[in-house]
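**Q** Assemble the whole structure, with the sequences as input and the hints as a guide.
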Amino acid sequence: MSLDQTRVVITGMGVVAPNGTGISNYLHALKNGISGIKYREDLKELKFGCQIAGTPVVTDEYKQELLPELIAKKVENSGVIYGCLAGIEAFKDAGFEIDPERYDPDTGIVFGAGALGLDSFVGEKINMIDNGNTRRLGTWSSTQSMNSGASAYLNQILGFGNRIICNSSACSSGTEAVILGYEYIKSGKAKRMLCGSSEGEGRYIWGAFDALRVLCRDSNDNPTGGSRPLSSSSAGFVPAAGSGALMIESLESAMERGAKIYAEIVGTGLNSGGQRNGGTMTAPNSQAVQACIKSAVNEAGIDPQEIDLVSGHLTSTMADPLEIKNWSEALGRSGCNFPYVNSTKSMIGHSIAGAGSVEIVASLLQMNNGFIHPTINCGEVHPSVENLICAQKISTESRNVEVNTVIKANFGFGDVNSAIVLRKLEV
Amino acid sequence: MEKEAIRNELKDIIDPYVMEKELLGNLSDTMELINDLKINSANIVDIVLDIEEKYDIMIDDNSINQMNTVGEAIGVIEAKIAEK
Numbered sequence: 001m002s003l004d005q006t007r008v009v010i011t012g013m014g015v016v017a018p019n020g021t022g023i024s025n026y027l028h029a030l031k032n033g034i035s036g037i038k039y040r041e042d043l044k045e046l047k048f049g050c051q052i053a054g055t056p057v058v059t060d061e062y063k064q065e066l067l068p069e070l071i072a073k074k075v076e077n078s079g080v081i082y083g084c085l086a087g088i089e090a091f092k093d094a095g096f097e098i099d100p101e102r103y104d105p106d107t108g109i110v111f112g113a114g115a116l117g118l119d120s121f122v123g124e125k126i127n128m129i130d131n132g133n134t135r136r137l138g139t140w141s142s143t144q145s146m147n148s149g150a151s152a153y154l155n156q157i158l159g160f161g162n163r164i165i166c167n168s169s170a171c172s173s174g175t176e177a178v179i180l181g182y183e184y185i186k187s188g189k190a191k192r193m194l195c196g197s198s199e200g201e202g203r204y205i206w207g208a209f210d211a212l213r214v215l216c217r218d219s220n221d222n223p224t225g226g227s228r229p230l231s232s233s234s235a236g237f238v239p240a241a242g243s244g245a246l247m248i249e250s251l252e253s254a255m256e257r258g259a260k261i262y263a264e265i266v267g268t269g270l271n272s273g274g275q276r277n278g279g280t281m282t283a284p285n286s287q288a289v290q291a292c293i294k295s296a297v298n299e300a301g302i303d304p305q306e307i308d309l310v311s312g313h314l315t316s317t318m319a320d321p322l323e324i325k326n327w328s329e330a331l332g333r334s335g336c337n338f339p340y341v342n343s344t345k346s347m348i349g350h351s352i353a354g355a356g357s358v359e360i361v362a363s364l365l366q367m368n369n370g371f372i373h374p375t376i377n378c379g380e381v382h383p384s385v386e387n388l389i390c391a392q393k394i395s396t397e398s399r400n401v402e403v404n405t406v407i408k409a410n411f412g413f414g415d416v417n418s419a420i421v422l423r424k425l426e427v
Numbered sequence: 428m429e430k431e432a433i434r435n436e437l438k439d440i441i442d443p444y445v446m447e448k449e450l451l452g453n454l455s456d457t458m459e460l461i462n463d464l465k466i467n468s469a470n471i472v473d474i475v476l477d478i479e480e481k482y483d484i485m486i487d488d489n490s491i492n493q494m495n496t497v498g499e500a501i502g503v504i505e506a507k508i509a510e511k
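Order-wise, the sequence lines are chains W and L.
Numbering follows our numbering, in which position 116 of the first sequence is assigned residue number 116; successive positions increment by one, without gaps.
Quick note, our numbering runs 427 ahead of the 1-based positions in the second sequence.
Honestly, the hints are just simulated from the structure, not real lab data.
The structure displayed is predicted, hence computed values, not measured ones.
Please note that the accuracy of each hint is not assured.
Said to hold, decoys possible - Derived BS3-like pairs (lysine-lysine); straight-line CA-CA distance at most 30 Å:
(1) W:260 to L:430
(2) W:189 to L:430
(3) L:430 to L:507
Claimed, not checked - Away from chain W, derived, C-beta distances all over 10 Å, residues of chain L:
(4) 435
(5) 446
(6) 449
(7) 461
(8) 470
(9) 472
(10) 473
(11) 476
(12) 479
(13) 481
(14) 484
(15) 508
(16) 510
Stated by the list, open to error - Sample of chain W residues facing chain L (criterion: CB under 10 Å; computed from the structure):
(17) 74
(18) 132
(19) 136
(20) 137
(21) 139
(22) 235
Note that beta-carbon positions come from the ideal geometry of N, C-alpha and C, so glycine has one too.
**A** Here it is as structure tokens:
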């Protein structure tokens with residue numbers, strides 16, 4: 001078999017999301033349309049326009065169960081903790097055990113992050129520096145403030161010897177991480193890659209988005225109703241934090257190990273609109289978005305008609321109708337011929353760089369449990385969306401539907417795009 | 428402060444940095460932090476910061492270099508408390 005024919009499959013999943021920490025809790029929340037968005041008193045005190053956010057709940061018991069004691073007790077950066085928890089859950093879910101003596105040169109990590117060093121923990125550290133007390137920073141500050149903090153701490157626990165990298169492409173980082181891992185495996189340079197992304201919680205990351213006036217400001221008294229993707233009343237995204245992780249590997253490696261297989265990665269697209277032709281630092285070039293989607297479908301070698309579910313980027317902003325237009329034109333499907341579409345962000349908000357990986361985990365859970373999760377708060381579909389696709393393709397309730405093929409995309413600041421096609425394995 | 432009390436408190440401070448917990452059961456003054464308790468040398472700085480916070484003292488670089496064993500660490504703590 002030539003290298004470019006290497007098939008790549010997903011064999012492990014892990015997640016830390018605002019509406020569920022750990023796969024089983026997350027599955028329960030997705031099925032039941034449970035929101036993880038909550039009111040935040042601290043954001044009110046800081047005079048944020050948006051005072052609601054999606055923050056994962058991580059107990060000390062869960063940290064102690066999965067992490068080495070020193071990391072559980074001493075690492076303060078929530079983005080690093082979320083990444084380590086999701087990564088270890090995925091590693092174990094794939095059938096591996098942590099072994100402090102094991103060094104595995106065939107496995108690597110691609111773990112994306114957006115502003116990992118701007119996690120809330122950094123405030124106290126910066127105050128120490130500004131107050132002339134740099135010596136009190138200790139030895140943990142540099143490793144926790146580097147963007148590669150999650151991948152570095154993860155690999156301290158796991159001991160992989162292949163490429164260990166952190167990618168950073170804003171909201172596109174999570175899906176991009178999985179695509180980069182897939183390409184490494186296809187290149188023959190690694191057998192397995194632990195891929196994912198993480199974003200920590202807090203005011204220093206979210207403040208800049210509040211200043212941009214892209215966050216939801218009308219739901220401080222109704223937090224779970226704030227994230228309303230595809231709705232006629234979308235009023236900006238709800239900031240969030242979280243991490244998703246996937247163990248991906250060559251089909252050969254998975255078969256050798258007798259691993260369970262959640263899906264095959266059959267097509268990918270990764271490009272940029274060049275901040276031209278309507279694309280800007282913060283808005284996408286539609287031509288490039290469509291090219292990215294088409295590239296993933298072409299690489300998959302499927303007819304767009306075979307797609308059962310579109311897992312959108314869909315952040316609950318004015319950009320949602322344009323995104324649907326791009327999907328519709330790229331797939332050549334409209335009206336009631338458009339696939340089902342949903343937005344995980346309706347329940348968890350937008351965890352920036354964490355979004356893609358958390359949402360890919362959602363896609364895999366829907367494929368493997370035969371359902372399509374609701375897009376909550378979308379009682380009244382935006383008229384521009386309804387002009388393009390039938391409203392019943394969006395649902396505020398869970399539907400039991402067989403899902404064989406999903407296409408997932410994310411778009412990020414800097415005019416960068418990523419798309420991935422996941423399919424149930426056919427041997 | 429009693430030497431014994433400081434020893435117990437020091438034990439709590441170094442606990443998270445000691446991977447082999449059985450070593451803490453037989454803690455003696457002659458044990459070396461790095462060689463006997465297998466504490467990562469980079470974490471000595473963190474232990475010093477934790478001690479400073481606990482006793483509200485400052486441990487200068489010179490004193491850190493003298494803290495090779497449990498007994499020496501207790502000695503430095505006692506001396507710095509006395510200087511307060």
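**Q** Hint by hint, say whether it matches the structure.
**A** Status of the hints after comparison with the structure:
no.: 1; hint: W:260 to L:430; result: violated, 57 Å
no.: 2; hint: W:189 to L:430; result: violated, 57 Å
no.: 3; hint: L:430 to L:507; result: holds, 13 Å
no.: 4; hint: 435; result: holds, 19 Å
no.: 5; hint: 446; result: violated, 8 Å
no.: 6; hint: 449; result: holds, 14 Å
no.: 7; hint: 461; result: holds, 14 Å
no.: 8; hint: 470; result: violated, 7 Å
no.: 9; hint: 472; result: violated, 5 Å
no.: 10; hint: 473; result: violated, 5 Å
no.: 11; hint: 476; result: violated, 5 Å
no.: 12; hint: 479; result: violated, 8 Å
no.: 13; hint: 481; result: holds, 13 Å
no.: 14; hint: 484; result: holds, 13 Å
no.: 15; hint: 508; result: holds, 19 Å
no.: 16; hint: 510; result: holds, 18 Å
no.: 17; hint: 74; result: holds, 6 Å
no.: 18; hint: 132; result: violated, 14 Å
no.: 19; hint: 136; result: holds, 6 Å
no.: 20; hint: 137; result: holds, 9 Å
no.: 21; hint: 139; result: holds, 5 Å
no.: 22; hint: 235; result: violated, 45 Å
Taken one by one, the earlier hints fail for this structure at numbers 1, 2, 5, 8, 9, 10, 11, 12, 18 and 22, listed in ascending order.
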